[in-house]
Structure formats: C-alpha cells, structure tokens
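Participant: Residue numbers (our numbering): 2 to 309.
These aren't lab readings, by the way, just hints derived from the structure by calculation. Remember, predicted model here, so these are calculated numbers, not experimental data. All C-beta atoms, glycine included, are put in the ideal place defined by N, C-alpha and C. Careful, some of the hints might be misleading.
[Said to hold, decoys possible] Within a straight-line C-alpha distance of at most 16 Å, the following computed EDC-like cross-link-like pairs (lysine to aspartate or glutamate) qualify:
#	residue 1	residue 2
1	196	217
2	163	130
3	167	193
4	162	202
5	31	306
[What the hints assert, rightly or not] Ranges between beta-carbon positions, derived for each pair:
#	residue 1	residue 2	range
6	155	14	29 to 37 Å
7	260	214	18 to 26 Å
8	275	82	31 to 39 Å
9	303	278	30 to 38 Å
10	129	87	48 to 56 Å
11	276	303	35 to 43 Å
12	266	286	14 to 22 Å
13	176	214	56 to 64 Å
14	173	82	19 to 27 Å
15	52	276	33 to 41 Å
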Amino acid sequence: MMKRVYFFLGKGGVGKTTSAASLALNLARKGFSVFWASIDPAHNLWDVLGMEWGSGVRRVEGELWAQEVDLESYIRRFLADTTRRMKELYRHLQILNLEGMLDVLRYSPGMEESAVLFALRDLMETHRDKDYLVIDTPPTGLTLRIFSLPFSILLWIDQLKKWREKILERRSIVRTIKGKEALGEGVAQDREGDKVYRELERQEEQARYMAGLLQDGRRVANVLVMNQDRLSFKESCRIRSFLERVAIPLRLILLNKFGLVEGGEVVDEAKVVEAFSPLPVRTLPFVRGDLEREDLVSLGKGWVEELM
C-alpha cells in the first residue's frame with residue numbers, strides 16, 4: 002500500500018528533477034519500492050539518470066521504477082473517454098457531431114490540465130502497490146493550474162447540480178400536468194434515473210478525492226525547490242501563497258544550487274528561512290559539471306529522512 006506521494010514544485014530550471022531523483026534513489030536504496038514519474042512536458046528524467054531515452058515504465062535500479070509520462074497520449078485517452086461518456090448521456094441528440102468536436106476540444110482551455118489530472122489519477126491507481134510515488138512537476142504556471150483544477154471542478158459541479166435539479170423539477174411538473182407521454186421515452190424526471198446527474202456525481206467524487214489528497218499532509222508531501230536568485234525567491238513565495246489559499250500544505254523548502262548566484266541578485270539563506278518560517282529550509286550545494294548517480298544520492302543526505 003502506498004505510504005506517500007511526493008510532488009516537487011518550483012520555477013523552471015531550479016533543479017526539481019535532480020532533487021526528485023535524489024529522493025527516489027535514496028528511498029529505493031533504503032529498500033522501498035518507488036515509482037518516479039515526470040509530468041513535465043520538457044522531460045529530462047533519463048538525462049539526469051544518465052540513461053538512454055526510452056518510453057514506458059523502466060527499472061532504474063533495485064525497486065526504483067521511472068517513467069517520462071506521455072501527456073499527448075493521456076490527452077487522447079481523456080478525449081476518447083469524454084466523448085464516450087457524452088455519447089452515452091446524449092445519445093438521443095443525434096445532431097451532435099461528437100467526433101467533429103475532438104479537434105476543437107484538444108485545444109480548449111484547461112484541456113492540458115485536465116489530462117494531467119487524469120494522468121495523476123491513473124498513475125496512482127496503477128502503482129498503488131509501490132511504497133512511494135515521486136512526481137516531478139512542470140514549471141509553476143501549469144502546476145498551479147493542475148492543483149487548482151479539482152477545487153474549480155467542485156465549484157462548477159455544485160452549480161451544475163443545482164441547475165440540473167431545477168430541470169428535473171420542471172420535468173416532474175410537466176409530467177404531473179400533461180402525463181408521462183409529454184416528456185418522451187427515456188427522459189428522466191428524478192436524480193436516481195438521470196444519467197446526467199449521476200455523471201455529475203461521479204465527476205464530483207473524483208474531484209473531491211483529488212482535492213482531499215492534495216490537502217492531506219499525511220498522504221502527500223510537497224517539496225518546494227528554489228535557487229538564491231530574486232526571481233526564484235519571488236516565484237516561490239507566490240507558490241506558497243497559492244497553496245495556502247487552497248489549504249495545500251508544504252512540507253520542505255530546498256534551497257538548491259546554493260552558492261551559485263553572486264552579487265546583488267543573491268537572496269541570503271536567512272531571508273529565505275524568515276520568509277518560509279516555520280517550514281524547514283535545507284540547502285543543497287551547487288555542484289559543477291554533470292552529476293553522477295552517486296552524487297544524486299549524496300545530495301539527499303540531511304533532508305530525505307525528514308520526508309519519510
């Protein structure tokens with residue numbers, strides 16, 4: 002049974018992938034089974050591990066498995082699943098050209114975020130037998146939209162259910178006045194018999210599960226990775242502010258590539274500690290050159306144990 006899911010968050014280029022690799026390798030070398038996935042469209046998971054590119058799930062070492070998630074594949078699956086459900090719900094409306102809508106839906110706002118959320122649910126279900134799941138996330142903007150999506154869905158569904166209830170109430174009134182023949186065959190008049198209402202409840206249950214998971218500090222640990230430069234610091238502060246608004250807890254701050262930035266752009270460690278208090282802040286030194294696998298393991302000393 003999965004003990005915890007780790008999300009590595011932060012601005013692009015701060016070292017989320019190397020930090021995630023350090024945690025995943027250390028957990029695996031402690032004897033745990035680990036699945037490490039990158040949902041960042043700009044993958045570099047295999048590069049960090051010094052492995053040739055490959056698709057699908059691959060064994061890294063011991064019980065550590067990794068995958069660069071194909072988001073395009075999940076978008077296609079999400080669209081196919083959505084189309085199938087729409088056909089089942091609205092089969093009486095033959096005028097709808099659902100296949101013709103696919104090209105439009107693919108580029109609709111929120112489609113990428115919905116597909117990533119779909120992917121996360123699938124990964125958690127598929128790898129629930131692992132002890133730990135480590136997720137390397139996209140840069141800030143996309144990640145925060147993904148994290149906010151379950152809460153937005155819940156707000157929308159709450160209103161949609163109310164509107165659907167009004168429709169069902171009016172159908173019931175029509176049936177009472179004009180008889181059941183007035184509504185036509187197969188037209189629902191109550192929640193129990195209404196496929197649309199049941200689908201809204203299904204979507205609500207899934208969104209509530211994901212929202213609850215993200216807010217549960219026992220099952221999820223969010224690690225914020227940042228550098229010492231001002232842009233990284235300011236963006237990290239915005240990430241924390243957003244997470245606080247939706248009650249998603251942070252577990253640890255990693256001040257990565259410590260010592261790299263010099264001059265007026267430096268944000269010193271004391272300022273970071275003060276800004277993110279009472280969260281623990283751990284520094285990871287800047288290492289020149291390519292990191293070997295043993296270097297990645299060494300980077301985890303002093304903070305991996307705090308996340309277990």
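Participant: Work down the list of hints and note, for each, if the structure agrees.
Facilitator: Going through the hints against the structure:
no.: 1; hint: 196 x 217; result: violated, 31 Å
no.: 2; hint: 163 x 130; result: violated, 39 Å
no.: 3; hint: 167 x 193; result: holds, 15 Å
no.: 4; hint: 162 x 202; result: holds, 8 Å
no.: 5; hint: 31 x 306; result: holds, 10 Å
no.: 6; hint: 155 x 14: 29 to 37 Å; result: holds, 33 Å
no.: 7; hint: 260 x 214: 18 to 26 Å; result: violated, 36 Å
no.: 8; hint: 275 x 82: 31 to 39 Å; result: violated, 47 Å
no.: 9; hint: 303 x 278: 30 to 38 Å; result: violated, 19 Å
no.: 10; hint: 129 x 87: 48 to 56 Å; result: violated, 29 Å
no.: 11; hint: 276 x 303: 35 to 43 Å; result: violated, 21 Å
no.: 12; hint: 266 x 286: 14 to 22 Å; result: holds, 18 Å
no.: 13; hint: 176 x 214: 56 to 64 Å; result: violated, 41 Å
no.: 14; hint: 173 x 82: 19 to 27 Å; result: violated, 31 Å
no.: 15; hint: 52 x 276: 33 to 41 Å; result: holds, 37 Å
Checked against the numbered hints above, the structure breaks hints 1, 2, 7, 8, 9, 10, 11, 13, 14 and satisfies the rest.
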